[in-house]
Amino acid sequence: MKNDKSLIFKILYIAVIMIFLYAPIVVMILYSFNAGATRAKFTGISLVHYAELADQSELLNALKNTLIVALIASVIATLIGTYAAFVIARLSPFRKNVVLKTLNIPMLNADIVTGISLMLFFVFVSIPLGFFTLLIAHVMFNVPYVTMSVLPKIRQLNKSTYEAALDLGASPALAFRKVVFPEILPGIISGALLAFTLSLDDFIISYFTSGSDFMTLSVCINSMTKKTIPLAVNALSTILFVVVFVILVIVNFRPAGKKARADQA
Amino acid sequence: MTRITKTLKNIPLYVWIILFTIVPLVMIFVYAVFEFRPDGVHFTLEHLKYVFTDKQVLQAELRSLNYAFISTVICLLLGYPLAYFLSRLSERMRSFLSILLLLPMWMNFIIRTYAMLSLIDEEGIVTRILGGTMLKGTDAAIIIGMVYNFLPFLVLPIYTSMTKIDKNLIEAAQDLGGNTFHVFKGVIFPLTVPGVVSGITMVFVPCVTTFVIPQLLNNNAWTIGKLIEFKFISGASAEGVDPDGGALSFILMVLVFICMSIFNLIDKDDESAGGMTL
Numbered sequence: 001m002k003n004d005k006s007l008i009f010k011i012l013y014i015a016v017i018m019i020f021l022y023a024p025i026v027v028m029i030l031y032s033f034n035a036g037a038t039r040a041k042f043t044g045i046s047l048v049h050y051a052e053l054a055d056q057s058e059l060l061n062a063l064k065n066t067l068i069v070a071l072i073a074s075v076i077a078t079l080i081g082t083y084a085a086f087v088i089a090r091l092s093p094f095r096k097n098v099v100l101k102t103l104n105i106p107m108l109n110a111d112i113v114t115g116i117s118l119m120l121f122f123v124f125v126s127i128p129l130g131f132f133t134l135l136i137a138h139v140m141f142n143v144p145y146v147t148m149s150v151l152p153k154i155r156q157l158n159k160s161t162y163e164a165a166l167d168l169g170a171s172p173a174l175a176f177r178k179v180v181f182p183e184i185l186p187g188i189i190s191g192a193l194l195a196f197t198l199s200l201d202d203f204i205i206s207y208f209t210s211g212s213d214f215m216t217l218s219v220c221i222n223s224m225t226k227k228t229i230p231l232a233v234n235a236l237s238t239i240l241f242v243v244v245f246v247i248l249v250i251v252n253f254r255p256a257g258k259k260a261r262a263d264q265a
Numbered sequence: 266m267t268r269i270t271k272t273l274k275n276i277p278l279y280v281w282i283i284l285f286t287i288v289p290l291v292m293i294f295v296y297a298v299f300e301f302r303p304d305g306v307h308f309t310l311e312h313l314k315y316v317f318t319d320k321q322v323l324q325a326e327l328r329s330l331n332y333a334f335i336s337t338v339i340c341l342l343l344g345y346p347l348a349y350f351l352s353r354l355s356e357r358m359r360s361f362l363s364i365l366l367l368l369p370m371w372m373n374f375i376i377r378t379y380a381m382l383s384l385i386d387e388e389g390i391v392t393r394i395l396g397g398t399m400l401k402g403t404d405a406a407i408i409i410g411m412v413y414n415f416l417p418f419l420v421l422p423i424y425t426s427m428t429k430i431d432k433n434l435i436e437a438a439q440d441l442g443g444n445t446f447h448v449f450k451g452v453i454f455p456l457t458v459p460g461v462v463s464g465i466t467m468v469f470v471p472c473v474t475t476f477v478i479p480q481l482l483n484n485n486a487w488t489i490g491k492l493i494e495f496k497f498i499s500g501a502s503a504e505g506v507d508p509d510g511g512a513l514s515f516i517l518m519v520l521v522f523i524c525m526s527i528f529n530l531i532d533k534d535d536e537s538a539g540g541m542t543l
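Residue numbers (the working numbering), protein chains in the order written: chain A, 1 to 265; chain B, 266 to 543.
Hints listed in this document are in silico derivations from the structure and should not be mistaken for laboratory results. Just so you know, not all the hints are guaranteed correct.
Said to hold, decoys possible - Okay, derived cross-link-like pairs now, DSS-like style, lysine-lysine, Cα gap no bigger than 30 Å in a straight line:
#1 A/K101 with B/K271
#2 A/K5 with B/K450
#3 B/K271 with A/K5
Keep in mind it's a predicted model, so treat the numbers as computed, not measured.
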């Protein structure tokens, strides 16, 4: 049958590309379980490289830095981004357009341009590069993603329920807390998760804004690629892969998260 | 609420945007045309001239565009059919496979490139399969690295625009006697153009600007991203910002904005552009 043949072709085609996309990751994961010290030979399955992680203080420190920055940056970005969404929602169409277009520049711009622009800015105002500049940079590129995931929720708000709450004697603050906030909460949560993931994922902007003393994980791994990379990196990457997978599954079960990255281009 | 308090509430947002988005971008221009020396600040067009006349820089610029162009074309050739086939599968298969496609996108870029590197370097499996022919250090390595890293970013917008197509339209075209090719050419392709345009932007811009992929996979190839990285970080002097780096970044920024406005012109209909779904 012609239909069967074309279905088989489609599946084969998809499979070949998926193999291309996953082969490097799968091989990396496999070698993380290698009993041997290098990638030259696979000598057997062991967890020795996972155990080695405990001694890799540089890597662990970088991981800790990454998590701290991602956590703080995503919290601040969520606050600023949500506030921005409320401001933008009330602007006139012209202003809304201008503000949104400018706010979204870091989302559309090449990372290297964003990173260098911030680095030069910090150099210009004489703030030494380090944790603080890295944090500002992360908040800066995270804000638009939060705004874009909260904004649709504000648009969908039913004004009447808020007014009804006021008519029933609620103060504006109480009405906001009881009526508005629960409605936009899914947008805020998915925005925050998105910001957290983007922070974890970032390399280029961190590379230019973190200076030489404060390293995030990706900056640390990048510096290791100059020499022979220990297989402990594979072990850590495997762990991160699993973590990202779990976050992805959680975010995917939250419908609001779906559109957040949609306006990227 | 009065107008004034309303405006007051907006001011922090404007300050935020101006301070951390606009001013830093202006800084790139500032560092391209001003030299900050101990004896004062000097205006000069020397560094912009360098970007347009230096042979090494021009070659790097051309090379970057070339890699990006080839990679984008390959991504399109591989990715468009992939998006099309995916969209024709059953609902369950589709949602499973689109998550599978998304997963590598959320993996750290450096780790992904390192994973690719470890396939094609001295000890890599691919090198062993090829009988010692090492891809690392060749132009092909860069192209493979780019396609590998950015292909999902092209497939997803196209795939999203395909799944949005009204099934009735396709059926109507079939009822009117269109064969698979006609339906594709007359209905499916035109409706996916916005997705294609946003997919191309998502591949082309990072390919032009990346410095990680050439650095890891073929360190002999100087691209504009690598030149900038060198001026600012790996080759940086202790004296402060290299103005040549400022000028190079300025040119790159202009290049990125030109790319984006071209894509914007083609893709007027922003809203319908199929974006990425998470």
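> Is it true that the CA of A/K5 sits at most 30 Å from the CA of B/K450?
Replying inline: Cα-Cα ~22 Å, so holds.
>> What's the verdict on B/K271 and A/K5, does the C-alpha distance respect the 30 Å limit or exceed it?
In response: violated (64 Å)
> Given the hinted pair A/K101 and B/K271, is their alpha-carbon gap at most 30 Å?
Replying inline: Between A/K101 and B/K271 the Cα gap is close to 21 Å, so the pair holds against 30 Å.
Taken one by one, the earlier hints fail for this structure only at number 3.
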